[in-house]
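Chains as they are written, first to last, in the working numbering: chain R, 2 to 496; chain E, 2 to 496.
Errors might be hidden in some of the hints.
Pairs count within a copy or across copies, as identical chains cannot be separated in the list.
Unchecked claim - No more than 27 Å apart at the CA atoms, straight line, and that leaves these computed lysine-lysine pairs for DSSO-like:
#, residue 1, residue 2
1, Lys-186, Lys-364
2, Lys-9, Lys-364
3, Lys-225, Lys-180
4, Lys-180, Lys-9
5, Lys-117, Lys-364
6, Lys-133, Lys-9
7, Lys-9, Lys-186
8, Lys-364, Lys-225
9, Lys-180, Lys-133
10, Lys-225, Lys-117
11, Lys-117, Lys-180
12, Lys-117, Lys-9
13, Lys-186, Lys-117
14, Lys-364, Lys-133
15, Lys-225, Lys-9
Since the hints were derived computationally from the structure, they do not count as laboratory data.
Protein chains: 2
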Amino acid sequence: MGIALAGKYLDRLSYRVWVLCGDSEMAEGSIWEALDKASYYQLSNLIAIVDVNRLGQRGPTELEWNLDGYARRAEAFGARVLTINGHDLAEIDEALATAAEGDGSQPTVVLARTIKGRGFSEVENHEGWHGKPFPEDMAIRAVAELGGERSLRIRSPLPETPTHATPATPIPDTPSTPKYPIGEKVATRKAYGDTLAALGADHPRVVALDGEVSNSTHADQFAKAYPGRYFEMFIAEQQLVASAVGLSVRHYVPFASTFAAFFTRAYDFIRMAAISQANIRLVGSHAGVEIGADGPSQMALEDLAMMRAVQGSTVLYPSDATSTAALVEAMAEQSGVSYLRTTRGAYPVLYNAGESFPIGGAKLLRSSPDDAVTLIGAGVTLHACLAAAERLAGGGIRARVIDLYSIKPIDTEALAAAAAVTNGRLVVVEDHHPEGGLGSAVTDALLDAGPQTLRVAHLCVRDLPGSGTSEELLAAAGIDAQHIEAAARDLLNDW
Amino acid sequence: MGIALAGKYLDRLSYRVWVLCGDSEMAEGSIWEALDKASYYQLSNLIAIVDVNRLGQRGPTELEWNLDGYARRAEAFGARVLTINGHDLAEIDEALATAAEGDGSQPTVVLARTIKGRGFSEVENHEGWHGKPFPEDMAIRAVAELGGERSLRIRSPLPETPTHATPATPIPDTPSTPKYPIGEKVATRKAYGDTLAALGADHPRVVALDGEVSNSTHADQFAKAYPGRYFEMFIAEQQLVASAVGLSVRHYVPFASTFAAFFTRAYDFIRMAAISQANIRLVGSHAGVEIGADGPSQMALEDLAMMRAVQGSTVLYPSDATSTAALVEAMAEQSGVSYLRTTRGAYPVLYNAGESFPIGGAKLLRSSPDDAVTLIGAGVTLHACLAAAERLAGGGIRARVIDLYSIKPIDTEALAAAAAVTNGRLVVVEDHHPEGGLGSAVTDALLDAGPQTLRVAHLCVRDLPGSGTSEELLAAAGIDAQHIEAAARDLLNDW
């Protein structure tokens, strides 16, 4: 899908995308998300060939050889369908030639009726042979029945070299980063939209996709400015991520956004993007209980765990507009799967424009050599940490405050220094479930670095949240300034 | 889907399941997985009403008011379609009556053409009002235009009390647990199949589902023994989990299995099952690099992180057949979302039949008061820990070995005791990515329990694995006995 989108709308090249599908996988909803989008975007350069051999891994498929059934579905989803005998070379040749011509407005689905194991009578159309190598004696009989060892050499015409391919352009050094005055309340999702639009101006290969919530994620700012480089994926998150992968294959710089919670729909695609070594940028808004009234179904409380566990991933969680802008720019140049978590509400800008936020870094917002305790937050909880530090200072307790905007990779050095100064006393606060998020990231990093003596208060969302205001829900989860202050005092009293 | 399945095949009650869908969500592949299965299982008791109001959150939907387009798709997926004006009470009444009768073999989809915001001219059919409350002045005008404040009371006929409902039966105390002789090599996935079939005999409310890999997960043993209580979900993992949730609503005890990696397809459904407080059991086979030849796309290396982060979840990872059998039985009685990770290969049975494996416990397989280091594993890595302890003993080093079969909840007491005895020296070994799995579970638990001095070697799968034998891949990832021994020696040398 993404490669075909790029071919038709961005590269404007005449290449075609050939996709080989098994019949079993036609049961996956993601197949229908793809066909739906392929017909919506009139991708006549996309051809799916379905090998309808009737047999899955454990037995017959749902539709077996009901080719009409497959055809009705594919046609209803907007495809042109060609049905052939998948063992007849002339029919294959004709179908591929017809498919390759395209019809200008529809993707093509070639339904090829085949017989699994055809040509070897011992297994032909039999169950129980999926993914199994033959024992040696069977292998010998199979080769014999198939006509003996042959050394066929087949020459196919070479594809023409495309002439209009645009080479990948490096990101210019000085994109026009949006600037925000310190103290102004700006939602990080808004800063994402501003920066994406700015990147769009500077960099013609930046493209954006969203899952029907662009007015919430603020991807709509890019969509309005560069409609030709924006792809609406509607509510189909698997296809949202899959298309981003395809666009990255064509050397575009895709940013895909939706509510952070909804990326859980696409976890397999995210995982596979990492395995495929694609370069995609995911931006999840409305994370955590902070969203308030909409309730737990819309609250991402597992996203940091999910994204950290992806091989080679980058996980970012800025607290203010300035750092968001810097990190969105950095993501454009980052390889692999990168993820940025944004917040619904507007919070004060903390940093001056031009301050640097390298991926893998952290910011010390308050520190002294006499700090008694370290408060670590990111996103909405960083603001609570700052307020708690202020309260603690009022009681004569110096608290170091770390903005852990880069959760993976993580600034182990800053964490180790803080742990050393504050005698191992850490309060880690996150708007996320206890497992796999900020808390784990901090302690994993410290313990990977060597022996540690730590006393950690881990404030996070332990119970099922309800609906309420942000303030009510942050307090109910025990991750607001008051709870942070109390946890810090407890750590000091205990030791 | 699951409630309708239960009604038709298990409860054999005449109830109907009414589902209200938004038109925007028809873009989700999961909708088509559901309709596909509803028609495969001839669920004429399932009626989906689609509110086709043309407007999503950010603008028009893909198909807008193309009701024929929706109808063609739903019909191709096997549904009977009724198209109505969703504002005409007589048409609604007739459609619901027709739908309620059922037609014996097909689910029904009622496509209701509606106008968003109908009756208030300022917003009717306008974009930009999704999920937004009116300002007070608009609210006053809306009420006025809709006919002013009224206090209508509508009485509908009460549903008949079903007469054949089966009450939930408690699990009998003594299910016929399969027994395995110590030392025999048995794959934990095989023990899952054995135990599930045994539970099936003892407990009529246990049901099973699988995603077209039952011959690999061994759910096929249950399917063969109790075909009436087995539901094949083919390759549609979202629907696999969704149906399990529905079956649990009807007080069945569903076990849903597939390759552990493929549950990433259903993460949103798993998360939502927890939020919905459903009681479902998920069993993921073929976890980790241990699977060998099939390569990283089939290797679950994020599943423990994903499942731990689910609110109130239970995460189990047994190392042998005996403990697997005990934990599968325990899962039948466990509430919430529980997950069991099984292993492809066959490894020696470690425990005597009848040994107890409470959820939240751990097993000390080797221990003495003079232990110098603790080795913590689960699943395949536990066997490597035992082999490493043997090697260390040969060099005069006593290693404590913990079988951490229950990852969530976790046996903090056993971990704290081991840390205390071995001077905080822990080697944690897992066939999983570094983030959110066994390593995090151990250190999170210890640090939650209070101040700790720890020196941890965390052996896990850090790089993208390739294809090879189990032994080759476990060695390449650095999680075999040799690497564990070396890590333990390093911890002792460092301190």
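### Task
Mind listing which of the numbered hints don't hold for this structure, in increasing order?
2, 4, 5, 6, 7, 8, 9, 11, 12, 13 and 14
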